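Asks: Could you slot chains G and L onto chain H? The hints should help.
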Amino acid sequence: MAAPGPEGSLMAIIGDEDTVTGFMLAGVGNVDLRKKSNYLVVNEKTTVKQIEDTFKEFVNREDIAIVLINQQHASMIRHVVDSYKKPIPAVLEIPSKEHPYDPTQDSILSRVKLMFGAEMGM
Amino acid sequence: MYGFEAASFNIKDGYLDAVVRGHRSGLLTQADYNNLAQCETLDDIKLHLTGTDYGPYLANEPSPLHVTTIVDRCTDKLVDDWTKMRCNAAQPLATFMDYCTYGHMIDNVVLIVTGTLHERDVQELLDKCHPLGMFDSIATLAVASNMRELYRLVLVDTPLAPYFSEVLTSEDLDEMNIEIMRNTLYKAYLDDFAQFCNRLGGTTAEVMRDLLAFEADRRALNITLNSIGTELTRDDRRKLYSNFGLLYPHGHTELAVAEDFDQIRNAMEKCPPYQAIFTKMGYGESQMLDKVLYEEEVRRLVFTFEQQFHYGVFFAYMRLREQEIRNIMWVSECVAQDQKSRITDGIVYIF
Amino acid sequence: MSTQNRYVVAPTVTVLAVMKGRLSGAIKGHALLKKKADALTLRFRQILKKIVQTKQEMGKTMRASAFAYTEARYAAGDFKHTVFDSVEGASVKVAASQDNVAGVKIPKFERLGNGGETKMNLTGLGAGGQQIQTCRKAYLKATDLLIELASLQTAFLTLDEAIKTTNRRVNALDNVVRPKLENTIAYIKGELDELEREEFFRLKKVQSKKKRDADLLQKEKEASGANDHSKVANGGPAAPADGFMGSVKKAASNLLDAVGADEDIVF
Numbered sequence: 001m002a003a004p005g006p007e008g009s010l011m012a013i014i015g016d017e018d019t020v021t022g023f024m025l026a027g028v029g030n031v032d033l034r035k036k037s038n039y040l041v042v043n044e045k046t047t048v049k050q051i052e053d054t055f056k057e058f059v060n061r062e063d064i065a066i067v068l069i070n071q072q073h074a075s076m077i078r079h080v081v082d083s084y085k086k087p088i089p090a091v092l093e094i095p096s097k098e099h100p101y102d103p104t105q106d107s108i109l110s111r112v113k114l115m116f117g118a119e120m121g122m
Numbered sequence: 001m002y003g004f005e006a007a008s009f010n011i012k013d014g015y016l017d018a019v020v021r022g023h024r025s026g027l028l029t030q031a032d033y034n035n036l037a038q039c040e041t042l043d044d045i046k047l048h049l050t051g052t053d054y055g056p057y058l059a060n061e062p063s064p065l066h067v068t069t070i071v072d073r074c075t076d077k078l079v080d081d082w083t084k085m086r087c088n089a090a091q092p093l094a095t096f097m098d099y100c101t102y103g104h105m106i107d108n109v110v111l112i113v114t115g116t117l118h119e120r121d122v123q124e125l126l127d128k129c130h131p132l133g134m135f136d137s138i139a140t141l142a143v144a145s146n147m148r149e150l151y152r153l154v155l156v157d158t159p160l161a162p163y164f165s166e167v168l169t170s171e172d173l174d175e176m177n178i179e180i181m182r183n184t185l186y187k188a189y190l191d192d193f194a195q196f197c198n199r200l201g202g203t204t205a206e207v208m209r210d211l212l213a214f215e216a217d218r219r220a221l222n223i224t225l226n227s228i229g230t231e232l233t234r235d236d237r238r239k240l241y242s243n244f245g246l247l248y249p250h251g252h253t254e255l256a257v258a259e260d261f262d263q264i265r266n267a268m269e270k271c272p273p274y275q276a277i278f279t280k281m282g283y284g285e286s287q288m289l290d291k292v293l294y295e296e297e298v299r300r301l302v303f304t305f306e307q308q309f310h311y312g313v314f315f316a317y318m319r320l321r322e323q324e325i326r327n328i329m330w331v332s333e334c335v336a337q338d339q340k341s342r343i344t345d346g347i348v349y350i351f
Numbered sequence: 001m002s003t004q005n006r007y008v009v010a011p012t013v014t015v016l017a018v019m020k021g022r023l024s025g026a027i028k029g030h031a032l033l034k035k036k037a038d039a040l041t042l043r044f045r046q047i048l049k050k051i052v053q054t055k056q057e058m059g060k061t062m063r064a065s066a067f068a069y070t071e072a073r074y075a076a077g078d079f080k081h082t083v084f085d086s087v088e089g090a091s092v093k094v095a096a097s098q099d100n101v102a103g104v105k106i107p108k109f110e111r112l113g114n115g116g117e118t119k120m121n122l123t124g125l126g127a128g129g130q131q132i133q134t135c136r137k138a139y140l141k142a143t144d145l146l147i148e149l150a151s152l153q154t155a156f157l158t159l160d161e162a163i164k165t166t167n168r169r170v171n172a173l174d175n176v177v178r179p180k181l182e183n184t185i186a187y188i189k190g191e192l193d194e195l196e197r198e199e200f201f202r203l204k205k206v207q208s209k210k211k212r213d214a215d216l217l218q219k220e221k222e223a224s225g226a227n228d229h230s231k232v233a234n235g236g237p238a239a240p241a242d243g244f245m246g247s248v249k250k251a252a253s254n255l256l257d258a259v260g261a262d263e264d265i266v267f
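Here the protein sequences come in this chain order: H, G and L.
Going by UniProt numbering, the first sequence opens with residue 1, and the numbers climb by one from there.
Going by UniProt numbering, the second sequence opens with residue 1, and the numbers climb by one from there.
Going by UniProt numbering, the third sequence opens with residue 1, and the numbers climb by one from there.
In isolation and in its complexed conformation, chain H is listed as follows (with noise of 0.2 Å):
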């Protein structure tokens, strides 16, 4: 559970250069003393392990409330992001400028259309 100290919790971002770029540009990026950030900037020279390695990391943190993560890189790690169940901190899918937003795939919204799929209209 995320300490809600005075400060606030983190948010972490696993993404693509330009998407990360971005939320650093809007604020959210946090470097600490001991040189440890709260993004990773995936390019073509990522491996699958540093990703899912990363991803571990920042759900195990403690001053971390909110994960995002490109969908496309979700999809790479997508056993460990289906087996992630807690609900703090709040893994989220995001899409990146490239891979427009595609519902299905994501983790959350296929177990909300799963139970109510009919309803939703989807």
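Do not rely on the hints blindly, as some may be mistaken.
As the list claims (entries may be wrong) - Sample of chain L residues with no beta-carbon within 10 Å of chain H, all distances over it, derived:
1) T12
2) A90
3) T154
4) R169
5) Q218
Claimed, not checked - With a straight-line cut-off of 30 Å between C-alpha atoms, the simulated DSS-like cross-links for lysine-lysine are:
6) K36(L) to K86(H)
7) K45(H) to K35(H)
8) K108(L) to K239(G)
9) K86(H) to K80(L)
10) K85(H) to K35(L)
11) K80(L) to K45(H)
12) K108(L) to K36(H)
13) K36(H) to K340(G)
14) K50(L) to K291(G)
15) K34(L) to K56(H)
16) K80(L) to K56(H)
17) K34(L) to K164(L)
18) K128(G) to K45(H)
19) K34(L) to K85(H)
20) K49(H) to K85(H)
No wet-lab data here; the hints were simulated from the structure.
All values derive from a computational prediction rather than experimental measurement.
For glycine and all other residues, C-beta sits at the position ideal for the given N, C-alpha and C.
Replies: What follows is chains G and L alone, placed relative to chain H:
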């Protein structure tokens, strides 16, 4: 030697002049852009570009393509052209061409300086540097462990040393806002470039005076516009304006105190050439400004090719290519993000 | 009656009272939990609807933000590294508070701080600064939306879990606890009835025996006064020693002798 350069220009620089004019005709035309605007995917764009000068650079790129890859390859084309011409250049054209790239070099040095401050990986930093602004000893900058050492290395190793020693001290490197530092350096560079062109004399000086004046004024305008509502004081703002250009010095005084877009507009409209630009825009539309300014710049750059026996064409070629790469980036991004309705908003037609 | 679906208890009146208490408790609890489950489901459905809406809106907002970023790059050139190098402390943070729905605590996120007003605002001073600021605002808006979405999603997961537990409890009460209690009560009632019948029968038997003895005594008295004393000495001393149970046993054995095979009376 004013007036006589026609006699001797071709002996030294005729070959390169021909080459650069040849490259110029390789720039994309409106028809090319119309084709690009019809593309549905990045692969379509690649297909169209393979029919142009960019062909050899893009031909071997595997799918899936990314916008950055396309932009990088196109930049490679410009860099290759540029280095080939630079290798063949005799003095003083060689120096002139170096001057053209100092702008990128400033960006690179600033990048390395901030990167070193934040202890980033050297290789990663070098990858991010603009290839046109590379110089041999750039990597050594990153080995500096403290600011004083870094400052010394910049003075020793870079062609930018005069600008640094002129406007900055080693303490500034530590304390100054990075953007102010960048713009201070850029101002010093523009001033120096203008002086250099004047020393060259002849048609070059005439053509470049116009181009650099426009560049300086555009920077002044941008700095004013972008510093409204920030902690940048009027005096600091004033210090970032170049010491020449059509706005110098009275326009600068007015710009320095401008607090909103309409005041800037008033200051600018006192200059007839800029009045024409501003009349294209309605009141309150500051978003359009960049594109209008780009268009004006391109118009002026294209004019340089109308004159003969001067170096301005090299500068113009570099700038035009860069604009073209910006256009390609815009088109590619629009296609990649499925925002095709906005495609024409970003293209500045060169011909 | 089978012992499978009831509590193993001694069939006494006290236990019956306890069981009745438990049953009414279970019924009340069931009604309450049912209400809670309904309240949760109501909220859950609201959230579901909102999640789907917000997710789709997020798709649009992110697209707009990405495009604002493209515009900024068009005007300002490549400014990524400047942005990355200016990253220090997060100026946008999330505050977690709690919302209460029918006793279920739902975490709620809110944005803290308004983001990047200090260091980044000179980025792109020479060119494209305005676009960068527009882009920043676009991403800030996206961040807000994402925080809202995160709240919804966390609420979704928490509620989902809570509803599942509540429903499990409701069903457990309805399908396991209540029948079991009812069975137990029925069992105890049956047993108690049985005991009552037995008692009644025994009393009758005792009565009839007493009557028979009295009749016998009467007859003997009538027949001869001397014989009477020896008869009492034969059967009399055994009865006080065995006590009450003994007399019951005796009554029963007599009963067996007398009635023979009566199915109902099994000890």
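Asks: Please name the hints from earlier in the document that this structure breaks, with their numbers sorted from lowest to highest.
Replies: Hint check: 2, 3, 8, 9, 13, 14 and 15 fail, others pass.
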